[in-house]
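Each chain is listed here by its residues.
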Amino acid sequence: MALMLVKFDLKKRVKLAQSVWFMYWFAVLAGVLVFSMGLFFKIELRKRSELMDNNESHFLPNLLIFMGLIACGINAFGGKVCYDSLDPTKFAKWKPMLKAFLMFCVVFNALLFVTALLCFLMRIPFQFTLAEGLRNGMKYYKDTDTPGRCYMKRTLDLMQMEFRCCGNDNYRDWFEIQWVSNRYLDFSAKEVRDRIGSNVDGQYLMDGVPFSCCNPSSPRPCIQLQMTNNTAHYSYDHYTEELNVWKRGCRDALLSYYGGMMNTIGALVLLVIMLEIAVTIGMQYVNSSLSTLANPEDPESESEGWILEKTVKETFTDIMDKMKAMGKGGKVEEGAEAGVATVS
Amino acid sequence: MPFMPVKFNLQKRVKLAQGLWMLYWLSVIVGILIFSLGIFFKIELRKRSEMMDNNESHLVPNLLMLVGMVACGINAFGGKVCHDSLDPIKFSKWKPLLKTYLLLCCGFNVLLLLVALLCFLMQFAVYLALAEGLKNGIKFYKDTDTPGRCFMKRTLDMTQIEFRCCGNNNFRDWFEVQWISNRYLDMSNDVVKDRVLSNVEGKYLMDSVPFSCCNPGSPRPCIQHHLTNNTAHYDYDHRTEELNIWVRGCREALFSYYSSMMNSIGALVILTIFLESVDMAGLKYLCTALETMTDPENPECESEGWLLEKGVKETFADMLSKVKTMGKTNQVEEGGDAPQA
Chain A
1 MALMLVKFDL KKRVKLAQSV WFMYWFAVLA GVLVFSMGLF FKIELRKRSE LMDNNESHFL
61 PNLLIFMGLI ACGINAFGGK VCYDSLDPTK FAKWKPMLKA FLMFCVVFNA LLFVTALLCF
121 LMRIPFQFTL AEGLRNGMKY YKDTDTPGRC YMKRTLDLMQ MEFRCCGNDN YRDWFEIQWV
181 SNRYLDFSAK EVRDRIGSNV DGQYLMDGVP FSCCNPSSPR PCIQLQMTNN TAHYSYDHYT
241 EELNVWKRGC RDALLSYYGG MMNTIGALVL LVIMLEIAVT IGMQYVNSSL STLANPEDPE
301 SESEGWILEK TVKETFTDIM DKMKAMGKGG KVEEGAEAGV ATVS
Chain B
1 MPFMPVKFNL QKRVKLAQGL WMLYWLSVIV GILIFSLGIF FKIELRKRSE MMDNNESHLV
61 PNLLMLVGMV ACGINAFGGK VCHDSLDPIK FSKWKPLLKT YLLLCCGFNV LLLLVALLCF
121 LMQFAVYLAL AEGLKNGIKF YKDTDTPGRC FMKRTLDMTQ IEFRCCGNNN FRDWFEVQWI
181 SNRYLDMSND VVKDRVLSNV EGKYLMDSVP FSCCNPGSPR PCIQHHLTNN TAHYDYDHRT
241 EELNIWVRGC REALFSYYSS MMNSIGALVI LTIFLESVDM AGLKYLCTAL ETMTDPENPE
301 CESEGWLLEK GVKETFADML SKVKTMGKTN QVEEGGDAPQ A
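So the protein sequences, as listed, match chains A and B.
With the numbering used here as the guide, the letters of the first sequence map in order to residues 1 to 344.
With the numbering used here as the guide, the letters of the second sequence map in order to residues 1 to 341.
Just to be clear, a hint being listed does not mean it is correct.
Unchecked claim - Computed far set for chain B versus chain A, every beta-carbon distance over 10 Å: (1) Leu26; (2) Asp157; (3) Leu185; (4) Asn230; (5) Met319; (6) Lys324.
What the hints assert, rightly or not - Here are the computed distance ranges between Cβ atoms for each label pair: (7) B:Arg164 x A:Tyr239: 44 to 50 Å; (8) A:Gly73 x B:Leu308: 25 to 31 Å; (9) A:Pro299 x B:Lys42: 57 to 63 Å; (10) B:Arg164 x A:Ile43: 19 to 25 Å; (11) A:Tyr239 x B:Glu241: 46 to 52 Å; (12) B:Leu104 x A:Ile43: 47 to 53 Å; (13) A:Arg248 x B:Leu104: 27 to 33 Å; (14) A:Lys139 x B:Glu132: 54 to 60 Å; (15) B:His238 x A:Tyr234: 24 to 30 Å; (16) B:Glu302 x A:Ile43: 55 to 61 Å; (17) A:Tyr239 x B:Lys203: 27 to 33 Å; (18) A:Arg248 x B:Leu113: 23 to 29 Å; (19) B:Lys99 x A:Pro88: 52 to 58 Å; (20) A:Ala131 x B:Trp25: 26 to 32 Å.
To be verified - Reference excerpt, derived from the structure (chain A facing chain B, CB under 8 Å, subset only): (21) Phe128; (22) Pro147; (23) Val180; (24) Ser181; (25) Cys214; (26) Ser217; (27) Arg220; (28) Cys222; (29) Gln226; (30) Ala232.
Derived by calculation from the structure, the hints in this document are not laboratory data.
Every residue gets a Cβ at the ideal spot worked out from N, C-alpha and C, and that includes glycine.
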């Protein structure tokens, strides 16, 4: 008793082949889309790899690129087979490969599902990478004369302006590190010496933030130095001042940006999975309907199409039996060889 | 003696019709492109209309949108005519319209030339609008509590950050205006009072710039106050300091942005003129080839196609004499009316 049996005549077979061909070309476009999304994600990670300490994992975008390429190949092949399916001579050369092709499609769909799952789960290790990278970024902000770190200031400033964020968790992170290089501090000034002396590590700490933390929407010119000192500025109360600097932390901002990107890509991959399942089922129907022609010579004869030749349970037991037989076949061979060895 | 005659047989006619049909659909796509470029340009002008004092001229984008739509319509019609041209029955219903259609295409090409010229010339208007608008923008920077101007600070800051520029001509423009609102100045402070009084108009001027002038590429934290005072900062010489703040003026930065946009659009319109001319020439050849078939019943007969029936000089003389007869007809009628009266 086949699973989901459908009767086909010539017209229905032609319509099925045409629509499955059309869907396969649509699936090729979907494969190109997955490929380009992987490429886009890879480029975005590269652009900000300085902020992730240069050790972010490129596993997910590489996997997406690979999957996209395979999807294009598989679907182009499927489209070609559908196109040839209505011509018996051409279809005869594809027929032996179809069973293996369909098995491969099923495995590919499972891999796509794993990819989609990864898209949603990779957010968690990403969070740790970002936290580490941003902390180091802020530490190296002042090292504009150290090779390898001289662009950290520029990268961090541009990032804070673009993502409208300040510091790692919030702006107070800047109070805990020295972000002004010693080259620009006048060590002969008493004030500078006092500040450095009062600190255990000998760092010049201040309650100020870089200019890139400034919020352009603030009605007053930006207050970036002596932020916790209310008397240093006219009509200023740092407890109630809201619009002066960006309140959000950069880890939050970057995580929501990349998280949103990964969620969208994951959702799109799920849609592609559904499309792939549909074309696989369609191909199975095309294959089975062309195999069961009542009269092979007459193209206008009736035929039947199905998804599985027997029911799900029977197909499953068949597969299990085959696997057991393969395992036993191995054992029998070993036993026979041992016998031959002892004889000789 | 026809101008540039070409002999056609059936195969050549079919090939001409097919090639021309594809060319017409390409022209439709180009028309859509011009329409969307017009919309894009309009949006860009709107986005920064505050920087241009809200009186920038939208003539060029509106013309581009109109021209784009007309181009789509004309070229779609041309494509339809080409598609029907190989079927004598369908073609006969288009035949009477073709002369007017080709004249309309000529007029449209002249309009396209006008639009291209405007794209290149209106840049001066944009330059003047920018100069005026930026000057006012800097003046109104501090008025964040005045309705209608409260977002000028934000717009100007974002423009300076995005276009990497400072002030109108350069950063010194900020030294000449008061860009801190009086609400944030402590008028009881002696320093503030001195500075305000030392100025004729009672303005609080300083040698400082807003934070949006800061260059993130500078190796040292941004120096935005006391810019001309070398002793106020350690190891600082304002004459040799280059990377601290943006040195370019915003008028120049914005103008180069809009000017490159308008130049590209103008170049595309000129390409469209060439494309339309090729379309017209092809259609003229196709029409004449189909009209001069030696045996109208036999589709496989030979025919001849040309661009102009007589030479260029003769056609021009013909047109002039037609225009003169139209004028003379009016005069004769007047003379005729007078004796009757």
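Hint by hint, which ones does this structure get wrong, listed from lowest number up? Structure breaks hints 2, 3, 7, 8, 11, 13, 14, 18, 20, 21, 22, 29 and 30.
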